[in-house]
Amino acid sequence: MLGRLTKNEEDDKSQAYMGPWYTVRAPVSQQMGKVMNKKVQCGLCELYFLPHNLTGIASWKAVLLKRQEWGLEEASEKLKKWAPTRLYNSVKLCAFCAQLVVPEMSTPDFPDYLSSTSPHKLKSGQMGLLE
Numbered sequence: 014m015l016g017r018l019t020k021n022e023e024d025d026k027s028q029a030y031m032g033p034w035y036t037v038r039a040p041v042s043q044q045m046g047k048v049m050n051k052k053v054q055c056g057l058c059e060l061y062f063l064p065h066n067l068t069g070i071a072s073w074k075a076v077l078l079k080r081q082e083w084g085l086e087e088a089s090e091k092l093k094k095w096a097p098t099r100l101y102n103s104v105k106l107c108a109f110c111a112q113l114v115v116p117e118m119s120t121p122d123f124p125d126y127l128s129s130t131s132p133h134k135l136k137s138g139q140m141g142l143l144e
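Just so you know, the working numbering puts 127 at position 114 of the sequence shown, and the rest follows in order with no gaps.
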């Protein structure tokens with residue numbers, strides 16, 4: 014047959030040059046740049062994110078107090094029902110929610126001596142403690 018290759022000749026020719034790409038994928042354990050598809054829930058907004066995007070950390074108490082401030086009754090119930098040791102466990106937060114649970118300088122939770130506008134000026138011998 015002129016101009017036509019037999020089945021064996023086609024297989025030989027295709028094996029001779031496969032191109033610059035791999036014909037067989039490496040096992041998943043050897044692949045570089047694996048994409049994680051397991052997402053974790055943010056403690057405050059409850060949206061799902063990749064674990065490396067949950068950069069904030071807060072206590073459950075801070076999260077539940079913020080939810081209670083927003084008017085969620087479930088948060089009030091959990092604050093009463095949960096043991097104090099559980100309230101102070103850490104929870105991961107997304108970057109947006111992390112800024113919501115940080116105490117503001119005007120709240121009583123924020124120490125007055127850390128404020129830059131504080132009337133108390135530290136003297137060199139006080140070592141950060143106020144009398």
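The set of hints was computed from the structure by calculation and includes no laboratory data. Keep in mind that the hints are not guaranteed to be accurate.
Claimed, not checked - Subject to a maximum C-alpha distance of 20 Å in a straight line, what follows is the list of computed EDC-like cross-link-like pairs (lysine to aspartate or glutamate):
(1) K93 with E82
(2) K74 with E87
(3) K79 with E90
(4) K79 with E59
Stated by the list, open to error - Between beta-carbon pairs, the in silico distance windows are:
(5) K51 with G84: 16 to 24 Å
(6) V115 with L60: 29 to 37 Å
(7) Q54 with L100: 30 to 38 Å
(8) E86 with Q54: 15 to 23 Å
(9) N102 with C58: 24 to 32 Å
For glycine and all other residues, C-beta sits at the position ideal for the given N, C-alpha and C.
For each hint, the structure was consulted:
1. Among the hinted pairs, K93 with E82 is consistent with the structure: their alpha-carbon atoms are about 15 Å apart, no more than 20 Å.
2. For the hint pairing K74 with E87, the CA-to-CA distance comes to about 13 Å; that is within 20 Å, so the pair holds.
3. Distance restraint check for K79 and E90: the Cα-Cα separation of roughly 13 Å lies within the 20 Å cut-off, and the hinted pair is therefore satisfied.
4. Between K79 and E59 the alpha-carbon distance is near 13 Å, which keeps this suggested pair within the 20 Å criterion.
5. Our hint of 16 to 24 Å for K51 and G84 is violated, since their Cβ atoms are close to 32 Å apart.
6. Look at V115 against L60: about 19 Å separates their beta carbons, and that is not inside 29 to 37 Å.
7. The hinted range of 30 to 38 Å is not satisfied by Q54 and L100, whose Cβ atoms lie roughly 18 Å apart.
8. The hinted window of 15 to 23 Å between E86 and Q54 holds, with their beta carbons roughly 20 Å apart.
9. Between N102 and C58 the beta carbon distance is about 18 Å. The supplied range of 24 to 32 Å is therefore violated.
Checked against the numbered hints given earlier, this structure breaks hints 5, 6, 7, 9; the rest are met.
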